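Chemist: This is what each chain is made of:
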Amino acid sequence: MDEVEIKIMEINPRKIRKILKEKAKFVKRVSKGITFTQTRL
Amino acid sequence: MLRESPKELHLHKPGYEAERTEGKNVTITIKGKLRVVDNHKVRKEINFPLKNLKEAQEFCDLIGVKHTSTVEIKREYYKFYNCSVEIVQWPTIPPYMEIEGSPSNILKVAKLLGFSKKDFFPRRVEDYYKGLKKKKSLTFSNEI
Chain V
1 MDEVEIKIME INPRKIRKIL KEKAKFVKRV SKGITFTQTR L
Chain L
1001 MLRESPKELH LHKPGYEAER TEGKNVTITI KGKLRVVDNH KVRKEINFPL
1051 KNLKEAQEFC DLIGVKHTST VEIKREYYKF YNCSVEIVQW PTIPPYMEIE
1101 GSPSNILKVA KLLGFSKKDF FPRRVEDYYK GLKKKKSLTF SNEI
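One line per chain: the protein sequences are V and L, in this order.
For the first sequence, the numbering used here assigns the number 1 to the initial residue and increments by one for each residue that follows.
For the second sequence, the numbering used here assigns the number 1001 to the initial residue and increments by one for each residue that follows.
Simulated from the structure, these hints should not be mistaken for lab results.
Quick caveat: nothing in here was measured; it's all calculated off a predicted structure.
Hints are supplied without guarantee of correctness; some may be wrong.
What the hints assert, rightly or not - Label-pair distances were calculated between CB atoms; the ranges are:
#1 V:Glu22 <-> L:Ser1116: 15 to 25 Å
#2 V:Lys21 <-> L:Asp1061: 26 to 36 Å
#3 V:Lys23 <-> L:Lys1134: 34 to 44 Å
#4 V:Lys23 <-> L:Leu1062: 16 to 26 Å
#5 V:Asn12 <-> L:Asp1061: 16 to 26 Å
#6 L:Leu1062 <-> V:Ile19: 42 to 52 Å
#7 L:Asn1052 <-> V:Ile19: 36 to 46 Å
#8 L:Lys1130 <-> V:Lys21: 15 to 25 Å
#9 V:Met9 <-> L:Asp1061: 10 to 20 Å
#10 V:Ile19 <-> L:Ile1063: 35 to 45 Å
#11 V:Glu22 <-> L:Ile1030: 29 to 39 Å
#12 V:Arg29 <-> L:Leu1112: 18 to 28 Å
#13 L:Lys1111 <-> V:Val27: 13 to 23 Å
#14 L:Glu1045 <-> V:Arg29: 35 to 45 Å
Built from N, CA and C at the ideal position, the CB exists for glycine as well.
Extracted from the complex, chain V is given alone in its bound form (with noise of 0.2 Å):
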């Protein structure tokens, strides 16, 4: 199935968290992930 997402950068996380936590439903926190990156040889 195609995913469609797109990205809005240098956002003010404060200003969207708090529209969110008004509006949306918080589903959870991921505190640290630890992304890999890998190249084909």
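Model the placement of chain L on the given structure of chain V, informed by the hints.
Modeler: Relative to chain V, chain L alone:
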């Protein structure tokens, strides 16, 4: 090397990418070639779980990919109009937001959060901050 701690894996080659997402279990996501349609990032994805990072490393070895860089990422997930909204924080760069869903719902959510279509960036973080491509390791502990 992959480390036994949480928890994402990205596999890259031109037109092909996979990642493992955070959580107790390891998930590898194979991502198809990125297309930009109407300022949205669109691509096919296939996810499958693996037991742990060791198994993920073995999988990567088997398909012939090697580890190139590590990035620590903090994420907060919200559900809003059938969209997944994430506040994402990488070391050294300002926070950004990802919205995933149908194009109409993405636009609706973006407007409610004070943004418009012109604010959409439909590519990878490394395409926005070109200097990040050269970093082998980005962790919060290394942040100045």
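Chemist: Hint by hint, note whether the structure agrees.
Modeler: Against the structure, the hints:
| no. | hint | result |
| --- | --- | --- |
| 1 | V:Glu22 <-> L:Ser1116: 15 to 25 Å | 20 Å, holds |
| 2 | V:Lys21 <-> L:Asp1061: 26 to 36 Å | 43 Å, violated |
| 3 | V:Lys23 <-> L:Lys1134: 34 to 44 Å | 39 Å, holds |
| 4 | V:Lys23 <-> L:Leu1062: 16 to 26 Å | 45 Å, violated |
| 5 | V:Asn12 <-> L:Asp1061: 16 to 26 Å | 42 Å, violated |
| 6 | L:Leu1062 <-> V:Ile19: 42 to 52 Å | 45 Å, holds |
| 7 | L:Asn1052 <-> V:Ile19: 36 to 46 Å | 38 Å, holds |
| 8 | L:Lys1130 <-> V:Lys21: 15 to 25 Å | 34 Å, violated |
| 9 | V:Met9 <-> L:Asp1061: 10 to 20 Å | 35 Å, violated |
| 10 | V:Ile19 <-> L:Ile1063: 35 to 45 Å | 42 Å, holds |
| 11 | V:Glu22 <-> L:Ile1030: 29 to 39 Å | 37 Å, holds |
| 12 | V:Arg29 <-> L:Leu1112: 18 to 28 Å | 21 Å, holds |
| 13 | L:Lys1111 <-> V:Val27: 13 to 23 Å | 21 Å, holds |
| 14 | L:Glu1045 <-> V:Arg29: 35 to 45 Å | 23 Å, violated |
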